[in-house]
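**Student:** Please work from the sequences and hints to get the whole structure.
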Amino acid sequence: MKEIIIGVSGINAIDNPGPGIGVARSLKEDSDLKVKIVGLAYDAMEPGIYMDWVVDKSYMMPYPSGSGDAFIERLLHIKKNYGLDCVIPNLDAELPIFIKYADDLAAHGIRTFLPGMEQFKLRGKDHLNDIAAKISISLPRTKIVTSIDGLLKAIEDIGLPVMVKGSFYKAYRCFTTAEAISHYHDLVAEWGYPIIVQQVVTGDEMNVVGLGDGEGNSLGLVGIKKLSITALGKIWTGVTVKNEKMLAAVADFIREFKWRGPFELECIVHGDEVFLIEINPRFPAWSYFATGVGINLPSRLVRRAFDLPVAPVPDYDAGKLFIRYTYELVTDMAAFQKAITKGEVP
Amino acid sequence: MQKLTQLAINSEGFVFNPATGDSFQVSQTGLAILNSLRDGKSDDEIAQKINDIYEVTLENARRDLADFRGSLKSLGLI
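Quick note, the sequences are listed as chains A and B, same order. Using the working numbering, the final residue of the first sequence is 346, and nothing's skipped along the way. Using the working numbering, the final residue of the second sequence is 78, and nothing's skipped along the way.
Since the hints were made in silico from the structure, they are not lab data. Mixed in with the good hints, there may be bad ones.
Claimed, not checked - Below, in silico cross-link-like pairs of lysine-lysine (BS3-like), each with a Cα-Cα straight-line distance of 25 Å or less:
#1 125(A) to 234(A)
#2 242(A) to 73(B)
#3 100(A) to 80(A)
#4 121(A) to 134(A)
#5 258(A) to 100(A)
#6 36(A) to 338(A)
#7 79(A) to 57(A)
#8 3(B) to 242(A)
#9 41(B) to 73(B)
#10 245(A) to 73(B)
#11 125(A) to 153(A)
#12 3(B) to 226(A)
#13 134(A) to 258(A)
#14 320(A) to 3(B)
#15 125(A) to 100(A)
#16 226(A) to 245(A)
#17 3(B) to 245(A)
#18 170(A) to 125(A)
#19 153(A) to 143(A)
#20 226(A) to 73(B)
**Tutor:** Below you can see the structure in the form of structure tokens.
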């Protein structure tokens, strides 16, 4: 099999980890795939740059902002100078550019496996009402607001406490109106409008990582429950679960929206009721968990993107434990120097 | 009953609920009751079984069974 060079972003394996290292490890673990991993980094301190047993080559990237021209040019530079056959973007902020330029990248021989722009926008926090209605899942009472008056009205309708969420990142549980107003301003300043005000629901935090083929079929999914999280709300330990209602909703989601690519569905499960909290259009940081229980989604994505044989969707066992741990590596400053001066390592 | 039959239980009494991710440990008596409930035994049959195995009175066995049922109910399993 020909070697495939795959770009992977989100190699910031820090206390708020990006998904990239888990994705890269998964690809390396498919012994039938001959891959080289190119790390796409935004900061010279991203640990993945130095993890040479997982990432073969790293490039510093410009931020995916503005028109995206500089970003695409950088990818083409990598293609020309090292080789780049496919990219798995793992950060939310990159996705609009990758989706927008998917055809251009394909024309240059760089494949992606992503949803279309319409699908991408549909799973935004401000559109979850539409999705929940179509996939037999509950949604906490939700109001989309763009003004303080709207915020106050939403709090009056929903009742305190409420979750106040940015449209892309961050969410705060607010017990008073003053708290909600303060976080509203912070979120607007950081992420812009709209702001989502949502009923607080209690229960078990369960997530699903999945991969859709774009034709309504699942290429694999794994459900988990978070057993412990960090101060930043990131999973530290978890266990695989098979909550039938949640998994059925995910299958509905893939079928109804013909989702193409990876995704993470975040839910709160309370008794027999499953609440949809968020849909992330990419692999989550814990996606290696799925690989560990026998469902290598990054590998299946690459196989599908390159029209290689994809085995039938495997099943997984409930009750498998995921434990994150810390580790250290020691290397030479020369690698860091290359990252900041040449923009590539090694 | 369906929720009980879905539980994964090992011989040491460690119980895992695959639908919720919850896990708990039961005593040998609890294990005997749980397995009997999963087998569809009646309360009288279960109390008699406890009476036979653990040499407790039928009255105490029925009380243990009622307590255990209360625990299962609080876990949403029955």
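**Student:** Each hint should be assessed against the structure and marked as holding or not.
**Tutor:** Against the structure, the hints come out as follows:
Pair hint residue 125(A) plus residue 234(A) holds up; C-alpha atoms about 19 Å apart against a cutoff of 25 Å. For the hint linking residue 242(A) to residue 73(B), the alpha-carbon distance of about 21 Å falls within 25 Å, and the restraint holds. With a C-alpha separation of about 21 Å, the suggested pair residue 100(A) and residue 80(A) falls inside the 25 Å cut-off, and the hint holds. About 16 Å separates the Cα atoms of residue 121(A) and residue 134(A), which keeps this hinted pair within 25 Å; it holds.
Distance check on the hinted pair: residue 258(A) and residue 100(A) sit about 18 Å apart at the alpha-carbon level, within 25 Å; holds. Between residue 36(A) and residue 338(A) the alpha-carbon distance is near 20 Å, which keeps this suggested pair within the 25 Å criterion. Restraint check: the Cα-Cα separation between residue 79(A) and residue 57(A) comes to about 12 Å, which is no more than 25 Å; the hinted pair holds. For the hint pairing residue 3(B) with residue 242(A), the CA-to-CA distance comes to about 12 Å; that is within 25 Å, so the pair holds.
Restraint check for residue 41(B) and residue 73(B): satisfied, since their Cα atoms lie roughly 17 Å apart, inside the 25 Å limit. Between residue 245(A) and residue 73(B) the CA atoms are separated by roughly 21 Å; this keeps the pair inside 25 Å, and the hint holds. Of the supplied pair hints, the one linking residue 125(A) and residue 153(A) holds, its CA atoms being roughly 19 Å apart against a limit of 25 Å. Between residue 3(B) and residue 226(A), the direct Cα distance comes to roughly 21 Å. Compliance with the 25 Å bound is thereby established for this hinted pair.
At most 25 Å may separate the alpha-carbon atoms for a hinted pair to count; residue 134(A) and residue 258(A) meet this at roughly 13 Å. Of the pairs offered as hints, the one joining residue 320(A) and residue 3(B) holds, with about 19 Å between alpha carbons and a cut-off of 25 Å not exceeded. With a C-alpha separation of about 20 Å, the suggested pair residue 125(A) and residue 100(A) falls inside the 25 Å cut-off, and the hint holds. A hinted pair counts as satisfied when its Cα atoms are at most 25 Å apart, and residue 226(A) with residue 245(A) qualifies at roughly 17 Å.
For the proposed pair residue 3(B) and residue 245(A), the alpha carbon gap of about 13 Å is at most 25 Å, so the pair holds. Taking the CA atoms of residue 170(A) and residue 125(A), the gap is near 11 Å; set against the 25 Å cutoff, the hint holds. Taking the CA atoms of residue 153(A) and residue 143(A), the gap is near 9 Å; set against the 25 Å cutoff, the hint holds. The straight-line distance between the Cα atoms of residue 226(A) and residue 73(B) is roughly 23 Å, inside the 25 Å bound, and the hint therefore holds.
The structure fails none of the hints (numbered hints given earlier).
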